[in-house]
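S.K.: Going by this note's numbering, the first residue of the sequence shown is number 20, and it counts up by one from there.
Read the hints as simulated data drawn from the structure, not as lab findings. Just so you know, not all the hints are guaranteed correct.
[What the hints assert, rightly or not] What follows is a set of in silico ranges between Cβ atoms, one per label pair, in the way DEER data are often shown:
(1) Arg80 <-> Ala46: 34 to 40 Å
(2) Gly189 <-> Ile84: 38 to 44 Å
(3) Ile84 <-> Ala31: 24 to 30 Å
(4) Glu49 <-> Pro117: 17 to 23 Å
(5) Asn45 <-> Ser79: 16 to 22 Å
Keep in mind it's a predicted model, so treat the numbers as computed, not measured. C-beta: ideal position from N, C-alpha, C; glycine also.
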Amino acid sequence: MDSVAKWAAGSAYGPVLSQTDLYLLNAELELNPILANDSGSFQLIFNLSTGQTNGYNPDSRDRDIPFTQKDEPATLPRVEELIIITEVSPWCTIIKNPQGVTLGDVCTTMFKEYSEKMVTEKEFDSLPPRQQEQLRRYAQSAAAAGDWLREKVFFDRLVKKEGYAKQRLGYHAPNIFVLILSTY
Numbered sequence: 020m021d022s023v024a025k026w027a028a029g030s031a032y033g034p035v036l037s038q039t040d041l042y043l044l045n046a047e048l049e050l051n052p053i054l055a056n057d058s059g060s061f062q063l064i065f066n067l068s069t070g071q072t073n074g075y076n077p078d079s080r081d082r083d084i085p086f087t088q089k090d091e092p093a094t095l096p097r098v099e100e101l102i103i104i105t106e107v108s109p110w111c112t113i114i115k116n117p118q119g120v121t122l123g124d125v126c127t128t129m130f131k132e133y134s135e136k137m138v139t140e141k142e143f144d145s146l147p148p149r150q151q152e153q154l155r156r157y158a159q160s161a162a163a164a165g166d167w168l169r170e171k172v173f174f175d176r177l178v179k180k181e182g183y184a185k186q187r188l189g190y191h192a193p194n195i196f197v198l199i200l201s202t203y
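Please take these sequences and the hints and turn them into a complete structure.
M.R.: Below, the structure is given as structure tokens:
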């Protein structure tokens, strides 16, 4: 009997949950191990400032591995929408795909959010003076959202932090994840 890998790409995983379905069912989402940085065979290397995605296998550290898993579902059950927040920036990134959010959707949307979105004057003014000066030096001109991250531009993992989500957004939901960034 043939079997399909749990995280294989494709649409044969039951329905894709809408926001309403997700909230009514209060479904617990399982995050793809690649996004949780919990996959033993592949660690995602994703630079939010350049959009470059690849990975490596801890057993084969001598070479990068192409990111061929981009069509895998980001969660099970699959959802139409993921909400990503981070403790190092004020933005909330909403990733949408009516066929179910994939790993590629996460990377593409995060890159666009941090490379194309410009920091507004009000957002800049909300920073303490020391951070304003650091951002001014770092950006050297109009600051993109990615400049806000300074050296923390590498995706590390997504985690659930219900308390932080509630403090930050005023509510928590199964599809809200906190982005953890690193400098390498």
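S.K.: Now, for every hint given, state plainly whether the structure supports it.
M.R.: Comparing the hints with the structure gives:
Take arginine 80 and alanine 46: their Cβ atoms lie about 37 Å apart, and the range 34 to 40 Å holds. Our hint of 38 to 44 Å for glycine 189 and isoleucine 84 holds, since their Cβ atoms are close to 40 Å apart. Restraint check, isoleucine 84 to alanine 31: a C-beta distance of roughly 26 Å satisfies the suggested window 24 to 30 Å. Roughly 20 Å separates the CB atoms of glutamate 49 and proline 117, a value that falls within the hinted 17 to 23 Å.
A hinted range of 16 to 22 Å is violated for the C-beta pair asparagine 45 and serine 79, which are about 41 Å apart.
When each numbered hint is compared with the structure, a violation occurs for hint 5 only.
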